[in-house]
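Using my numbering, you'd call the opening residue of the sequence shown number 1 and step up by one each time.
Mixed in with the good hints, there may be bad ones.
Unchecked claim - Each computed DSS-like pair below joins lysine-lysine, with the alpha-carbon atoms no more than 27 Å apart:
{"hint": "1", "residue 1": "Lys626", "residue 2": "Lys588"}
{"hint": "2", "residue 1": "Lys658", "residue 2": "Lys626"}
{"hint": "3", "residue 1": "Lys445", "residue 2": "Lys473"}
I should point out that these hints are in silico values taken from the structure, not numbers from a laboratory.
A quick note: this is a predicted structure, and the numbers were derived from the prediction, not measured.
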Amino acid sequence: MSIDGNTKINADRLICCGLALLAFAVYWQTRQFDFINLDDNVYVYDNPHIRDGLTITGLKWAFQADLVFQTPNADYWQPVTMISRMLDVSLFRLHPGGHHIMNVLLHALNGVLLFLCLRRLTGRRWPSAWVAAMLMVHPMHVESVAWVTERKDVLSACFWILTVMAYTTYARAPSLGKYALVFLPYALGLMTKPMLVTLPCALLLLDVWPLGRLRPDDLCRREARNSAFRLGAEKLPLLLLGLATAGVTFRAAKATGAIQSAEAITLIQRLGTAAVGYGTFLRNLFWPHGLAVLYPWAPPTPETAAVAAAILAVVTALAIWQRNSRPYLGVGWFWFAGVLFPVIGVVQVGPQSLADRFVYIPYIGLYIMLAWAFDDWVRPKLPRKMVAFIAGIPLILAIPATWHQVSFWRNSETLFRHALDVTEGNQIAHNNLGLPLLEAGHVDKAITHFRAAIAIRTDYPEAHQNLGAALLKKGNIAEAILHLETSIRGKPNVAGPYANLAAAHEQAGDLAKAEEHYRTALGLSHAKGDLSMSLGTILARAGKLAGAEEHLRAALAESTEPHLVLLNLGNVLAQRGRPLEAVDCYRKAAAITRGWVLALQRLAWMLAACPDAAVRQPQEALAIAKRLTAHGGPESPILLDTLAIAYAANGDFEQAVKTEQRAIAATAPGGPSAEGRGFTQRLEMFRNNAAYTDPPVRTPGAEE
Numbered sequence: 001m002s003i004d005g006n007t008k009i010n011a012d013r014l015i016c017c018g019l020a021l022l023a024f025a026v027y028w029q030t031r032q033f034d035f036i037n038l039d040d041n042v043y044v045y046d047n048p049h050i051r052d053g054l055t056i057t058g059l060k061w062a063f064q065a066d067l068v069f070q071t072p073n074a075d076y077w078q079p080v081t082m083i084s085r086m087l088d089v090s091l092f093r094l095h096p097g098g099h100h101i102m103n104v105l106l107h108a109l110n111g112v113l114l115f116l117c118l119r120r121l122t123g124r125r126w127p128s129a130w131v132a133a134m135l136m137v138h139p140m141h142v143e144s145v146a147w148v149t150e151r152k153d154v155l156s157a158c159f160w161i162l163t164v165m166a167y168t169t170y171a172r173a174p175s176l177g178k179y180a181l182v183f184l185p186y187a188l189g190l191m192t193k194p195m196l197v198t199l200p201c202a203l204l205l206l207d208v209w210p211l212g213r214l215r216p217d218d219l220c221r222r223e224a225r226n227s228a229f230r231l232g233a234e235k236l237p238l239l240l241l242g243l244a245t246a247g248v249t250f251r252a253a254k255a256t257g258a259i260q261s262a263e264a265i266t267l268i269q270r271l272g273t274a275a276v277g278y279g280t281f282l283r284n285l286f287w288p289h290g291l292a293v294l295y296p297w298a299p300p301t302p303e304t305a306a307v308a309a310a311i312l313a314v315v316t317a318l319a320i321w322q323r324n325s326r327p328y329l330g331v332g333w334f335w336f337a338g339v340l341f342p343v344i345g346v347v348q349v350g351p352q353s354l355a356d357r358f359v360y361i362p363y364i365g366l367y368i369m370l371a372w373a374f375d376d377w378v379r380p381k382l383p384r385k386m387v388a389f390i391a392g393i394p395l396i397l398a399i400p401a402t403w404h405q406v407s408f409w410r411n412s413e414t415l416f417r418h419a420l421d422v423t424e425g426n427q428i429a430h431n432n433l434g435l436p437l438l439e440a441g442h443v444d445k446a447i448t449h450f451r452a453a454i455a456i457r458t459d460y461p462e463a464h465q466n467l468g469a470a471l472l473k474k475g476n477i478a479e480a481i482l483h484l485e486t487s488i489r490g491k492p493n494v495a496g497p498y499a500n501l502a503a504a505h506e507q508a509g510d511l512a513k514a515e516e517h518y519r520t521a522l523g524l525s526h527a528k529g530d531l532s533m534s535l536g537t538i539l540a541r542a543g544k545l546a547g548a549e550e551h552l553r554a555a556l557a558e559s560t561e562p563h564l565v566l567l568n569l570g571n572v573l574a575q576r577g578r579p580l581e582a583v584d585c586y587r588k589a590a591a592i593t594r595g596w597v598l599a600l601q602r603l604a605w606m607l608a609a610c611p612d613a614a615v616r617q618p619q620e621a622l623a624i625a626k627r628l629t630a631h632g633g634p635e636s637p638i639l640l641d642t643l644a645i646a647y648a649a650n651g652d653f654e655q656a657v658k659t660e661q662r663a664i665a666a667t668a669p670g671g672p673s674a675e676g677r678g679f680t681q682r683l684e685m686f687r688n689n690a691a692y693t694d695p696p697v698r699t700p701g702a703e704e
């Protein structure tokens with residue numbers, strides 16, 4: 001190999017390394033970011049199929065979800081994306097940093113692949129490098145990389161580029177085997193994100209330039225028309241596969257109500273939205289200001305739509321006019337416009353008018369236009385250093401802007417605060433900002449945002465549900481019930497509002513209604529563990545111990561809080577006259593939590609006061625109770641009472657009396673009285689040198 005050849009290879013390698021470094025330079029901060037509460041919960045950390053990592057059951061679900069059945073954990077058929085998320089969980093569990101870094105790795109890989117792809121297609125190194133570098137650092141791509149849910153963007157782009165690379169090989173020396181290599185990454189890409197349906201059309205554009213297999217001006221000749229027909233026919237299998245996937249996607253979106261009807265949004269409004277969308281994305285290419293995770297849909301004004309349409313017409317006319325002398329303009333422009341078309345708003349899907357993530361692949365067309373126009377018009381007229389300086393200006397400006405934009409994705413609170421700063425009428429941002437505030441204990445602030453969301457959209461079930469949950473924390477049960485019932489009317493097939501409504505009735509003391517709503521929630525939910533625990537607890541309070549045990553045992557396999565399930569199950573088993581099993585539950589609960597006070601207190605009590613002598617272990621009970629009361633903080637009446645019982649069980653009535661007196665003294669004013677808790681009765685027993693044991697439990701009857 002020549003020295004010049006080695007130099008070229010080394011330069012390409014350095015460019016590949018530089019592209020990867022650019023990606024990590026702006027996105028490395030995401031390793032410390034959290035999941036966000038918009039879709040990450042549905043598709044990752046609360047998805048029962050994803051949480052277990054790679055499993056045979058999970059793989060079956062991934063290929064079936066929204067293909068043969070509807071599921072709330074998949075908005076459309078994307079098995080490869082789902083499998084990649086399962087792999088993340090297997091590698092990183094539910095630590096968000098690992099999931100974020102996988103997105104960054106794929107983004108960096110896309111930059112390298114795009115450079116190599118364009119380099120091979122065109123033979124031009126530096127324009128190809130510039131296009132790939134802009135993909136790495138443009139602020140409009142932050143959403144696709146920093147949002148864990150958007151794994152489908154970066155992964156599908158990887159398959160898109162691999163398909164183009166395979167097609168380049170096929171186009172230069174066609175064969176059936178090489179065509180199969182085109183088909184494979186395309187099929188995988190469609191199973192990642194169905195937006196790849198437009199890829200066959202993009203391949204036809206590449207036939208015009210740079211492959212030179214088709215010249216539009218030659219179509220007046222019969223031979224050229226035959227050649228064009230053959231080129232179209234070779235895309236037909238790809239197109240049919242894409243249309244089949246698009247049909248599945250459309251069905252899923254329609255079934256979930258995501259597609260807005262013609263009555264809700266007229267055709268004129270849709271066309272206006274599309275024109276303004278294209279115009280907005282063109283503006284954001286040069287001035288990416290006010291970017292947000294979600295832009296609420298609003299009908300465009302006729303004036304704005306007309307101006308946007310005029311700009312589109314001018315650029316389209318320019319691209320057509322220059323089709324022979326500068327074909328890259330037409331290819332880049334129609335790449336952008338065509339690839340973006342399915343999501344531009346002619347078919348309105350979801351609540352957003354636009355989304356930054358839509359342009360991850362379409363912007364490549366605009367980057368190609370700019371890079372090759374610069375290479376064609378500017379480079380020949382200026383010194384090399386000046387050319388490099390001018391070409392580097394957009395990158396230099398983009399890097400800090402992108403770094404800053406990435407920082408808003410740190411967590412749900414920072415993301416939705418920023419969204420509210422740069423958008424208006426954003427009910428989803430208000431609702432999703434209220435959630436982390438509620439979790440952090442800022443209940444009043446959360447309520448303010450939930451009310452703001454409802455003020456923007458009165459029929460917003462999620463906001464009514466969250467407001468109801470927040471009002472419950474404030475003890476405003478009546479208003480909470482009203483909002484939860486409103487939420488149920490809006491989405492009657494969702495478990496969450498029923499569970500919260502059950503909790504509201506539980507707080508109000510209406511155990512029958514609480515049981516009814518927990519049962520409804522349980523029937524609707526895919527994740528049944530915590531709901532089974534709640535229902536079991538309600539049944540225990542209602543004295544339905546057999547049903548309580550059944551649901552608590554069912555909860556053990558799925559609950560996110562198994563220690564609570566074990567504690568409640570232990571209490572039920574104790575009430576059912578099975579103290580040995582109860583003790584085992586308390587031991588397991590304490591082991592899971594490494595010394596949970598409540599579980600240890602129940603364990604010490606059972607070991608000291610169980611009426612069954614075979615269960616009592618006074619010495620162990622005393623050791624546990626001493627450890628629980630040796631923390632040095634404020635004295636707990638319950639823990640002191642347990643310690644006194646343990647002393648008495650060991651025959652040390654002097655210490656039992658002293659400790660029970662401390663328990664009585666520690667009883668808080670206004671709370672349950674010492675007499676009501678049995679403290680005073682036990683004190684008299686200890687003074688009479690009598691140990692305390694719980695009353696015998698009756699043998700459960702058949703009616704239970």
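Notebook entry, point to check: Looking back at the numbered hints, which does the structure fail to meet, lowest number first?
Noted result: none
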